[in-house]
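Chain H is already provided as a structure; the job is to place chain G on it using the hints.
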Amino acid sequence: MAELVGLAAPGWLLMLGALLVPLLPRRALQAMLLVLPALGLVQVLSLPTDTVWSVDAFGYALTPLRADALARVFAIVFHLAALLSMLFALHIKDRRQHAAALIYAGSAIAALYAGDLVTLFVYWELTAVSSVVLVWARERPRARRAGLRYLVVQVLSGVLLMAGAIYQWQETGSLAFSHSSLATPAGLLLFLAFGIKAAFPLLHNWLQDAYPEATVTGAVFLSAFTTKLAIYALARGFAGTEILIPIGAVMTAFPIFFAVIENDLRRVLTYSLNNQLGFMVVGIGIGTELALNGAAAHAFAHILYKGLLFMSMGAVLHRTGTCRGSELGGLYKVMPRTAIFCMVGAASISAFPLTSGFIAKGMIISAAAEGHHWITFLVLLFASAGVFHHSGIKIPYFAFFSHDHGIRHRQVSTRTPRNMQWAMAAAAFLCLAIGTLPGPLYKLLPFPVAFAPYTTSHVVSQLQLLLYSALAFVFLQKTGLYPPELRSTVLDSDWSYRRAAPWLLRHIGRGIDAGLGHAQRLVIAGHQRGLALIRRLHSPGGPLGDPWPTGITVFVAAMLLAAYLILYYL
Amino acid sequence: MPARNPEPARWLDHPGSVQRIINTLLGICVLLLLADAVLTRHTHFGFERWFGFYGLYGFISCVFLVRVAALMRKLLMRSEDYYEPVDDGLVGDGPIHDGPVDDECARDAPAGDATGTYGRHRGDFPGSDSDG
Numbered sequence: 001m002a003e004l005v006g007l008a009a010p011g012w013l014l015m016l017g018a019l020l021v022p023l024l025p026r027r028a029l030q031a032m033l034l035v036l037p038a039l040g041l042v043q044v045l046s047l048p049t050d051t052v053w054s055v056d057a058f059g060y061a062l063t064p065l066r067a068d069a070l071a072r073v074f075a076i077v078f079h080l081a082a083l084l085s086m087l088f089a090l091h092i093k094d095r096r097q098h099a100a101a102l103i104y105a106g107s108a109i110a111a112l113y114a115g116d117l118v119t120l121f122v123y124w125e126l127t128a129v130s131s132v133v134l135v136w137a138r139e140r141p142r143a144r145r146a147g148l149r150y151l152v153v154q155v156l157s158g159v160l161l162m163a164g165a166i167y168q169w170q171e172t173g174s175l176a177f178s179h180s181s182l183a184t185p186a187g188l189l190l191f192l193a194f195g196i197k198a199a200f201p202l203l204h205n206w207l208q209d210a211y212p213e214a215t216v217t218g219a220v221f222l223s224a225f226t227t228k229l230a231i232y233a234l235a236r237g238f239a240g241t242e243i244l245i246p247i248g249a250v251m252t253a254f255p256i257f258f259a260v261i262e263n264d265l266r267r268v269l270t271y272s273l274n275n276q277l278g279f280m281v282v283g284i285g286i287g288t289e290l291a292l293n294g295a296a297a298h299a300f301a302h303i304l305y306k307g308l309l310f311m312s313m314g315a316v317l318h319r320t321g322t323c324r325g326s327e328l329g330g331l332y333k334v335m336p337r338t339a340i341f342c343m344v345g346a347a348s349i350s351a352f353p354l355t356s357g358f359i360a361k362g363m364i365i366s367a368a369a370e371g372h373h374w375i376t377f378l379v380l381l382f383a384s385a386g387v388f389h390h391s392g393i394k395i396p397y398f399a400f401f402s403h404d405h406g407i408r409h410r411q412v413s414t415r416t417p418r419n420m421q422w423a424m425a426a427a428a429f430l431c432l433a434i435g436t437l438p439g440p441l442y443k444l445l446p447f448p449v450a451f452a453p454y455t456t457s458h459v460v461s462q463l464q465l466l467l468y469s470a471l472a473f474v475f476l477q478k479t480g481l482y483p484p485e486l487r488s489t490v491l492d493s494d495w496s497y498r499r500a501a502p503w504l505l506r507h508i509g510r511g512i513d514a515g516l517g518h519a520q521r522l523v524i525a526g527h528q529r530g531l532a533l534i535r536r537l538h539s540p541g542g543p544l545g546d547p548w549p550t551g552i553t554v555f556v557a558a559m560l561l562a563a564y565l566i567l568y569y570l
Numbered sequence: 571m572p573a574r575n576p577e578p579a580r581w582l583d584h585p586g587s588v589q590r591i592i593n594t595l596l597g598i599c600v601l602l603l604l605a606d607a608v609l610t611r612h613t614h615f616g617f618e619r620w621f622g623f624y625g626l627y628g629f630i631s632c633v634f635l636v637r638v639a640a641l642m643r644k645l646l647m648r649s650e651d652y653y654e655p656v657d658d659g660l661v662g663d664g665p666i667h668d669g670p671v672d673d674e675c676a677r678d679a680p681a682g683d684a685t686g687t688y689g690r691h692r693g694d695f696p697g698s699d700s701d702g
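Listed in order, the protein sequences are those of chains H and G. So the first sequence is numbered by the working numbering: it starts at 1 and just counts up by one. So the second sequence is numbered by the working numbering: it starts at 571 and just counts up by one.
Just chain H, with the same shape it has in the complex:
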């Protein structure tokens, strides 16, 4: 019975489905890819929120299944994301990607229900190992290396998680995954493990490095699960941990500077993804019911609109073979629907009223105001204006509306597959539906909601902030102050391990080499000098090599005896 419950745990349906991927005929495979997430969603909705399943394995109390409201809201949106991404990827013939995506989505969902750290660790690593396939499937040298770097960072996060679990076991005798404190080594290790996956500042660069190198459809999956799993883990383990407020505030602000000058539009999206995670981290750090609700609601809304934006840029990449802002432009004429879907996503990430971003982000900003965190409040407003600027305007503008660089006439593919368009349409519909009718989403949140997003004050303030940002964009474009899109690489913290560390190691290596060589030469030279001295002393004609006259020998012996006598009497 218990085993049956285990197999029926959310997520396993998708993971077991991956086993069938190589066997099924194409049509059946496509049907399965859509049916499994839908079935999973039904399963999550029907699972009572207080279900707990514990087992005793090798003397350790493990809890592979713990259902509660927090896990539920994340599980619902993970299933929606899996469904939409599967639809978007339905035309793909490469079955590795389908299998990897099923395992990836399934393990991320299963991780939400992990009640202990060992179970969490297993799924945590499984998401890493399965998701890297979506990067490698691009089959380009760049993608291969970026995937490898991604995998190293992700596995490192898992190793830290395991170390934290072991420490906690030693300290408390419990492996339970619950609220932790930064005062213990276990808490610190877990915090770092979650922080890497949540792309904390300076731990973030694996995200911008790997996601844009993934396949067209792979990036859509990647944008949904890994980082939001980390947000979930932070919400469960570190809600109300004050240090998260400044960390999150920095996260909202610092990636957007890079987003402005980055040329690859999918990489721009990863920077804004990072910025959106910052809002959630701030919410978790504030830790009030409103803030935690806001973090969960924002994760929910964010997964849908960020997936939509990655889909639209994926469609552009699919059609044109490039995502460089410097080469795109004028695509609204050939991809009018994608342009509209992209703008819905852009409006949602910018939190325009009537979109999902507005009803979610408003909760976090209100929570910051209620907590009188005025610096954080101003940083969040700055980041809100900035995200509109680089995601809301820059992405649709440079892809679809700016000066036509002739990319339309160099199309790689003349069609956007219908399944891609349907996926974008569905995601866009959800963004608008949640934005206009927030009630159902608010009901899913872990705490009762007493937040009214559509007050005159909220709406007018937000419109003022956003439309004056748009005005700033017009002003900067008209005056030529806006930096042009250029084919370039922008250095970020990955420079430290892609350039600085190898350079340093090479030089340290060379230094050690040189030092060793020098020491070796000194030893050899000393050795040779010693040998030469001995040879000189003992060779025929040398001072010790010749026979000495008897007189000198007697004299030396007499002197030694005299010295002995003198020393004796002293």
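Derived by calculation from the structure, the hints in this document are not laboratory data. Predicted, not measured: the structure shown is a model, and the values here were computed from it. Among the hints, erroneous ones may be present.
Said to hold, decoys possible - Which bits of chain H does chain G cover? Going by a derived footprint, with three or more residues having C-beta under 8 Å, they are:
#1 148-160
#2 482-495
Stated by the list, open to error - What follows is a set of in silico ranges between Cβ atoms, one per label pair, in the way DEER data are often shown:
#3 G/Gly-597 x H/Thr-184: 54 to 62 Å
#4 H/Phe-429 x G/Pro-655: 39 to 47 Å
#5 G/Pro-655 x H/Gly-480: 28 to 36 Å
#6 H/Pro-336 x G/Pro-655: 33 to 41 Å
#7 H/Gly-480 x G/His-584: 17 to 25 Å
#8 H/Gly-515 x G/Glu-654: 27 to 35 Å
Virtual Cβ for every residue (Gly too), placed ideally from N, Cα, C.
Leaving out everything else, chain G in the frame of chain H:
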């Protein structure tokens, strides 16, 4: 190539249209500023009640953001192949002509042009059409 396919001018192609969008935006911005005069806000901080705070803050934020980012370029921008060579191959994401597809905008897809490009890519990257 474009010369072979003269396309109907779109509304957005008319020089006046962009100006019209900008004028509309300006008009809305003025109205929003005036809203500050009549609106009583529920605020947590004093500065939120300053006249035109949100608009001004949004505008200044964006100008600051873009100018600082432009300065960062001087320090952080390198050539595109700084880390490794650029490979524009489309292997793995190759052109897909399979399954039910729908032309999003058929009249704008110059067939000869597109297949020519496609052929060139296929030549460059063998196997590009072997998977999705």
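Hint by hint, here is what the structure shows:
Three residues within the 8 Å Cβ limit are the bar, and the segment 148-160 of chain H against chain G gives 0, so the coverage statement is violated. Given as covered by chain G, the segment 482-495 of chain H passes the check, having 9 residues with a CB less than 8 Å from a CB of that chain where 3 are the minimum. The hinted window of 54 to 62 Å between G/Gly-597 and H/Thr-184 holds, with their beta carbons roughly 58 Å apart. Checking the proposed 39 to 47 Å range against H/Phe-429 and G/Pro-655 shows it holds: the Cβ atoms sit about 41 Å from each other.
The hint said 28 to 36 Å for the Cβ distance between G/Pro-655 and H/Gly-480, and at roughly 32 Å that hint holds. At about 35 Å, the beta-carbon gap between H/Pro-336 and G/Pro-655 stays in the expected band of 33 to 41 Å. Checking the proposed 17 to 25 Å range against H/Gly-480 and G/His-584 shows it holds: the Cβ atoms sit about 23 Å from each other. Checking the proposed 27 to 35 Å range against H/Gly-515 and G/Glu-654 shows it holds: the Cβ atoms sit about 32 Å from each other.
Hint check: a violation occurs at hint 1 only; the rest are consistent with the structure.
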